[in-house]
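Protein chains in written order, with UniProt numbering: chain W, 1 to 212; chain P, 1 to 212; chain Y, 1 to 212.
Calculated from the structure, these hints are not laboratory results. Be aware that a few hints might be false.
Stated by the list, open to error - Here's a subset of chain W near chain P, in silico, CB distances under 8 Å, partners left out: (1) F72; (2) E181; (3) R205.
Stated by the list, open to error - Derived DSS-like pairs: lysine-lysine, alpha-carbon spacing no greater than 25 Å straight-line: (4) P:K34 x Y:K33; (5) W:K33 x Y:K34; (6) P:K33 x W:K34; (7) P:K33 x W:K33; (8) Y:K33 x W:K33.
Every value quoted in this text rests on a predicted model; they were computed, and no experiment measured them. Note that the Cβ used here is the ideal one computed from N, Cα and C, for glycine as well.
Here are the chains, one letter per residue:
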Amino acid sequence: MDTPHIIDTARQVLEIAATIAFALSGVIKAAHKKLDVVGVCVVAFVAAFGGGTLRDLLLDQRPFFWVRQETFVWVILGISLLAIVFLRQRHFALTERAMLWPDMLGLGLFAAVGVDMAAEQGLPALICVMMGVITGVFGGVLRDVMCGEIPQAFRDHQPYAVCAFVGGWVDLLLRSSPVPEMAPMLGCVLVTAGLRAIALWRHWRLPSWRVE
Amino acid sequence: MDTPHIIDTARQVLEIAATIAFALSGVIKAAHKKLDVVGVCVVAFVAAFGGGTLRDLLLDQRPFFWVRQETFVWVILGISLLAIVFLRQRHFALTERAMLWPDMLGLGLFAAVGVDMAAEQGLPALICVMMGVITGVFGGVLRDVMCGEIPQAFRDHQPYAVCAFVGGWVDLLLRSSPVPEMAPMLGCVLVTAGLRAIALWRHWRLPSWRVE
Amino acid sequence: MDTPHIIDTARQVLEIAATIAFALSGVIKAAHKKLDVVGVCVVAFVAAFGGGTLRDLLLDQRPFFWVRQETFVWVILGISLLAIVFLRQRHFALTERAMLWPDMLGLGLFAAVGVDMAAEQGLPALICVMMGVITGVFGGVLRDVMCGEIPQAFRDHQPYAVCAFVGGWVDLLLRSSPVPEMAPMLGCVLVTAGLRAIALWRHWRLPSWRVE
């Protein structure tokens, strides 16, 4: 009875850390674009919840998870306001680097949740993986579109969505194997976050257009 | 029997005026961007109905209000075409200033309708207020995104969404008080539009990033 | 028994050709913007399925057609990857010209499907036509927004959405006439694609803002 409780708490702590990391990425983007306080709050919110909301829209899942867990919305509002008061230009680079870790875990965790929700609806494998990728990546995509930029995930040639894509397939593979209940999601988080960590460490680059 | 009828008619007149004001803001933005007739119609439509449609998507409310009231769509189409024929560059500034009043009322009215629809579904207070703000503000946000701009509501440092935010809380406060049925929505409209009017008059500015 | 079968097969072949043409338009746009492999795949996907998905969201229609026909998603993924390996800068202009024909048919076909789905729900005439236009045009619109551009359909002054608009009304007109079952959709495809062909051939231009 104790172990699942610890796992549950650990998952919740990770989820909160990931959501905050995603929200902070929105705050920093908004600051670079010199948005006002409303812009900061909205972009932080979109970065944190955009991926999950798009997934829920596509899967016709209501209520949205930020409606069920209203506290999250208050937390994002609070972070945005605090950031405006306390964050200084020279802290941004530092914050961005510090966020790489929760962002990494967040990508894996969000992907695992997305795959899980699609698999429960009995959707085809590729669609499940897509839902995982969308959950993990589209918060950042919508954040960038709101700020009038081509999404970073589409143009920085770093493996990001691709890590979630691989992690999603690992998840589905484990689902059809005789493993403990938590194994698929755990596998997805570890593979996604691990690949992302290696990619950052080894400076992996995505294949690009071949110039002639 | 007569008073509610007058109120109903007054509300409808206000609603039509607000929708037209929002549509005209789209027409003017599209003109500045030199869009063609299709672009003008779409941007006008998005400016007028984008906020309400996003709210209905989020609240899973069908049919959309522009589907129920098809006439509105014809009116927007007509306005867009008329604007292309009759509106001249030098009329834009004039039109923009003339629209400040219906836009102000529209923001309040749209916010009140958004809060009302969310409250009827028994959603948490913060979510109800958010739905009010989204209804009032996201028409303009989507209009600007379609035109390749960072939304004005996120960067002009003028209180706009914030007025609807305050108005939304006033609405909810009145809802839990022993007041007449119409009071909450009326309060929301008056507070939102009033704050917006004062903000424009006194040149209020939103708090911004502190430069060091 | 044989004729409907041939028509069905013909329709499927056309649909696949149209979807591929739309996806390729996304690939080429992504290449011009120097996106990475993830960006290419996402923009191709959005260009191919964005219009239909937005229509299904607005009509509350699930599952989405790319969920029902998962093969389509694999095809788009494959095309995007092949394009990155094989497509060279100097092939783009050629590909763009070669795609004008399937794109033309695709616009008509997508418009016909959109009108059909809305009409089956008994929606008002103007809404049905709008759904046809959205299905045909918004894949390209979302593609351009994702790439940080003002949508081409809004600013190139070429009749595109307008062709689908006229085709949609022809569809509805035929629906209320004593014609064979397939006639309305066929009429919509022919009128839309035909108008688009003539518009390209005669260099028709949309009415624009009158400069003073």
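How the hints compare with the structure:
no. : hint          : verdict
1   : F72           : violated, 10 Å
2   : E181          : violated, 31 Å
3   : R205          : violated, 29 Å
4   : P:K34 x Y:K33 : holds, 22 Å
5   : W:K33 x Y:K34 : holds, 22 Å
6   : P:K33 x W:K34 : holds, 22 Å
7   : P:K33 x W:K33 : holds, 21 Å
8   : Y:K33 x W:K33 : holds, 21 Å
Checked against the numbered hints listed earlier, the structure breaks hints 1, 2, 3; every other hint is satisfied.
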